[in-house]
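S.K.: First to last, the sequence lines map onto chains A and B.
Under the numbering used here, the first sequence has 68 at position 68, and the numbering climbs by one with no breaks.
Position in the second sequence (from 1) plus 115 gives the number in the numbering used here.
Worth flagging that the hints you see were computed from the coordinates, not collected in a lab.
Because the structure is a prediction, the values reported are computed rather than measured.
Beta carbons are placed, not taken as given, at the ideal position from N, Cα and C, and that holds for glycine.
Among the hints, erroneous ones may be present.
What the hints assert, rightly or not - Partner residues are not named here, just some residues of chain A that face chain B (Cβ under 10 Å, in silico): (1) 50; (2) 60; (3) 100; (4) 101.
Said to hold, decoys possible - Distance windows between CB atoms, simulated: (5) 237(B) x 70(A): 27 to 33 Å; (6) 101(A) x 263(B): 50 to 56 Å; (7) 80(A) x 171(B): 21 to 27 Å; (8) 101(A) x 150(B): 34 to 40 Å; (9) 100(A) x 299(B): 44 to 50 Å; (10) 97(A) x 167(B): 37 to 43 Å.
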Amino acid sequence: MAAQGPKDLRDLGKRLDEAQRKRAVAAKRPPPSQLGVAGRFATELVAALLVGGALGWGLDWAFGYFGIHTKPVFLIVLFVLGAVAGIRNVMRAASEINADIAAHPATSVNDDEES
Amino acid sequence: MAMNPMEQFTIKPIVPLHIGGYDVSFTNQSLFMVVVVMAAAAFLTFAMSGRRLVPSRVQSMAEMSYEFVAGMIDSSAGEEGLRFFPFVFTLFVFVLFCNFFGMVPWAFTVTSQIAVTFSLAALVILTVIVTGFAKHGIGFLKLFVPHAPLPLLFLLVPIEVISFLTRPISLSVRLFANMLAGHTMLAVFAGFVVLLGGAGGVLSVLSVAPMALIVAIMLLELLVAFLQAYVFAILTCIYLNEALHLHDHH
Chain A
1 MAAQGPKDLR
11 DLGKRLDEAQ
21 RKRAVAAKRP
31 PPSQLGVAGR
41 FATELVAALL
51 VGGALGWGLD
61 WAFGYFGIHT
71 KPVFLIVLFV
81 LGAVAGIRNV
91 MRAASEINAD
101 IAAHPATSVN
111 DDEES
Chain B
116 MAMNPMEQFT
126 IKPIVPLHIG
136 GYDVSFTNQS
146 LFMVVVVMAA
156 AAFLTFAMSG
166 RRLVPSRVQS
176 MAEMSYEFVA
186 GMIDSSAGEE
196 GLRFFPFVFT
206 LFVFVLFCNF
216 FGMVPWAFTV
226 TSQIAVTFSL
236 AALVILTVIV
246 TGFAKHGIGF
256 LKLFVPHAPL
266 PLLFLLVPIE
276 VISFLTRPIS
286 LSVRLFANML
296 AGHTMLAVFA
306 GFVVLLGGAG
316 GVLSVLSVAP
326 MALIVAIMLL
336 ELLVAFLQAY
346 VFAILTCIYL
356 NEALHLHDHH
């Protein structure tokens, strides 16, 4: 018993490690559902348009307050910039999702040694 | 039963209270926030009270949620991000419990209020900004300056600024919209059940169909409840990562 104790323990340790790793990976990543991805893109795009428009409107208002009439100029320019920022956001979100999938394929088991 | 599917989102004061002209009544919203916080605290305290080496079922649930969040921070914000573990864990557990409590019939869904989700998102963005300036000083503003020739920067910097300002909006709207849409959908189909059931004859039998659909949507909503809490937490980590490491990580 005493002679084979350490070997037994080592074996048990190895099996425990393996089981734990399998379980951790299974619990870790919910796969990005298509609905979720679509929702994320939509909010990114619309939010950027809103922020751009609101900033432009606010700048126009601020300039108007000091007697400089820029009325539609900032609104138009920043709305367009907002659209660009929205597309940029979507591209960034897409690359994040891609990196996520590449780093954690659903089937791979041995990809989180450091955690 | 109320036929208005949006009725469930109305905030009703329980203890009316006015201080200095502001309405600070204790509402059904506040009540459920208190319930959620107490439930989460009680669950975690109770689960860890045994402190057993071989965890019981409940303890291992608490430990798994710890490891889940720790792993999430580690993989997206690195070692340094782990300093923010208490913050991210609290956010995750709060949103998760709010979403799950909202699934209980007659319960009020706290996260279906834009005021709540936007407050959380604003807290996240403020933390990101404070962390960024604390770590990099004025150099944090380099976040808004991509690698590009100078003339292009006049165009790119405003775009980056808008893109940054988008974050609290998209973060809060995503959670709020998902919860609002899901619960409205449930209420609409529940209304169909009542309408068909009350119609009599063959139509009453047909009311089984929307009922079955409700069961399916309920399951979907449980998934969404978890997924949205996860998305909220992981995006917090990603934003913290940018504040900690600026450009060098992505």
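S.K.: Classify the hint on residue 60(A) as holds or violated, based on whether any CB of chain B lies nearer than 10 Å to its CB.
M.R.: 15 Å, violated
S.K.: Lying within 44 to 50 Å: is that true of the beta-carbon distance residue 100(A) to residue 299(B)?
M.R.: At roughly 30 Å between Cβ atoms, residue 299(B) and residue 100(A) fall outside 44 to 50 Å, so the hint is violated.
S.K.: Using the Cβ atoms, figure out if residue 80(A) sits within 21 to 27 Å of residue 171(B).
M.R.: 59 Å, violated
S.K.: Does the closest beta carbon of chain B sit nearer than 10 Å to the beta carbon of residue 50(A)?
M.R.: With a minimum Cβ separation of about 6 Å from chain B (threshold 10 Å), the hint on residue 50(A) holds.
S.K.: Does the interface hint hold: is residue 101(A) within less than 10 Å of chain B, judged Cβ to Cβ?
M.R.: 13 Å, violated
S.K.: So does residue 97(A) sit 37 to 43 Å from residue 167(B), Cβ to Cβ?
M.R.: Roughly 39 Å apart at Cβ, these two residues keep to the hinted range, so it holds.
S.K.: Does the interface hint hold: is residue 100(A) within less than 10 Å of chain B, judged Cβ to Cβ?
M.R.: The hint holds - residue 100(A) has a Cβ within 10 Å of chain B, the shortest such distance being about 9 Å.
S.K.: Honestly, do residue 101(A) and residue 263(B) meet the 50 to 56 Å range at C-beta?
M.R.: 28 Å, violated
S.K.: Confirm or reject the claim that residue 237(B) and residue 70(A) have a C-beta distance inside 27 to 33 Å.
M.R.: 29 Å Cβ-Cβ, so the 27 to 33 Å window holds.
S.K.: Taking the CB of residue 101(A) and the CB of residue 150(B), does the distance hold inside 34 to 40 Å?
M.R.: 37 Å, holds
The structure does not agree with the numbered hints 2, 4, 6, 7, 9 stated previously, though it agrees with the rest.
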